[in-house]
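Number of protein chains: 2
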Amino acid sequence: MYLCDIGNSNVHFFKEGRIWAISVSEFQHFSPQEPLYFINVNASVKPWLAGKKHCVDLEPYFEFDTIYQGMGIDRVAACYTVKDGIVIDAGSAITVDIMSGGLHLGGYILPGLSATQEAYAAISPRLNVRINPNIALDALPQKTADAVSYGAIKPIIMMLSDTCKDKNIYLTGGDGKFLSRFFKHSVFDKALIFRGMQKALSQSGLVKEG
Amino acid sequence: MYLCDIGNSNVHFFKEGRIWAISVSEFQHFSPQEPLYFINVNASVKPWLAGKKHCVDLEPYFEFDTIYQGMGIDRVAACYTVKDGIVIDAGSAITVDIMSGGLHLGGYILPGLSATQEAYAAISPRLNVRINPNIALDALPQKTADAVSYGAIKPIIMMLSDTCKDKNIYLTGGDGKFLSRFFKHSVFDKALIFRGMQKALSQSGLVKEG
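Sequence order for the protein chains is A and B. Residue 125 in this note's numbering sits at position 131 of the first sequence, and the numbers go up by one each step. Residue 62 in this note's numbering sits at position 68 of the second sequence, and the numbers go up by one each step.
Hints were generated in silico from the structure; no laboratory data involved. Note that this is a predicted model, so its numbers are computed, not measured. Every residue gets a Cβ at the ideal spot worked out from N, C-alpha and C, and that includes glycine. Please note: incorrect hints may appear among the correct ones.
[As the list claims (entries may be wrong)] Label-pair distances were calculated between CB atoms; the ranges are:
1) A:SER94 - B:PRO54: 55 to 65 Å
2) A:GLU53 - B:ASP156: 34 to 44 Å
3) A:ASP156 - B:PRO26: 41 to 51 Å
Chain A with its partners taken away, still in its complex shape:
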């Protein structure tokens, strides 16, 4: 049995505690030989998945309390095991969601770090610099490479600090570990989305436990 989180560019697999990723185009050549429970935010993969043997969409089995309209199922899954705290999925976008007493209070979306780096590069060749994750955030930059790194990272940290205050923070995604170092009450959990999927799966009655 696989759990499978289908994104816009990559597909993440979870099996027996192990996580790995393949590209969406590789995924479309994949024929599972055992049950594959998935969530999917990628519209282009939907027709292909519809007729696929062994593939089961977990989305209908999530019972999630929110008034947010059109929340991606990956965000729902990341929040699904968190009763109180801030859930941050720092991937190609950085989604930030606030959970309180098992209720989802809303959230927002920032461009991810690599998307931000590409945004600078598209503005001018002079701004096509590699973002330095170790840039000092308490000193004014004195050259362009630092001015870009500071401008890319500091707004994210300021926003998250403002949202999180003293609440617990649950981070996942490619840049989650990096961002976790800025926050005391934070936990980085690579498998956060899969934990949510496991919870939905066990509530669904699709598999017998034990």
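Fit chain B to the supplied structure of chain A, relying on the hints for placement.
Relative to the frame of chain A, chain B by itself:
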């Protein structure tokens, strides 16, 4: 006589208090019949400008006190008439510079609003939404379009508030007027860069005043 600010995509002209813009490619078909004093951050235009009649580079005439390395001449010009305060040029990038007692203390660069909108669109078709400048920044978003607008605008406002505190703020550039509405001690000056160029020109001795 023209003043001329050559950027990466557009060229802004100033003459007798009037400001207008043409594209860089249009500019390369332009033959000035009178003196044109320019600043230029666009490397691709340099060879073309070098042999051009009537065209005079003002960059060597700026005397600017900073330890910042490689500061774009447009940023220097924007800061050149400001003794104390924060100088923000909100164009394709948002440059933020701090002046104190005529000294430049450093600065940083954020992606501009339209670059940010394009960054979201490149991440996922679901994030390809028009940024709403009137988004409420004090309420958690409850749908994706709001989550993007909030995530695009609020970090900029938080960064600028943190930098500016109670200092005077001088804004210019395409989104300068929009950003000025968030700050009490702010002035939007469309001609800020040209004022700097005028100051450099009058210090240069290139033209006789009177």
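Worksheet item: Checked against the structure, which of the hints given earlier come out wrong?
Response: Per hint list: zero violations.
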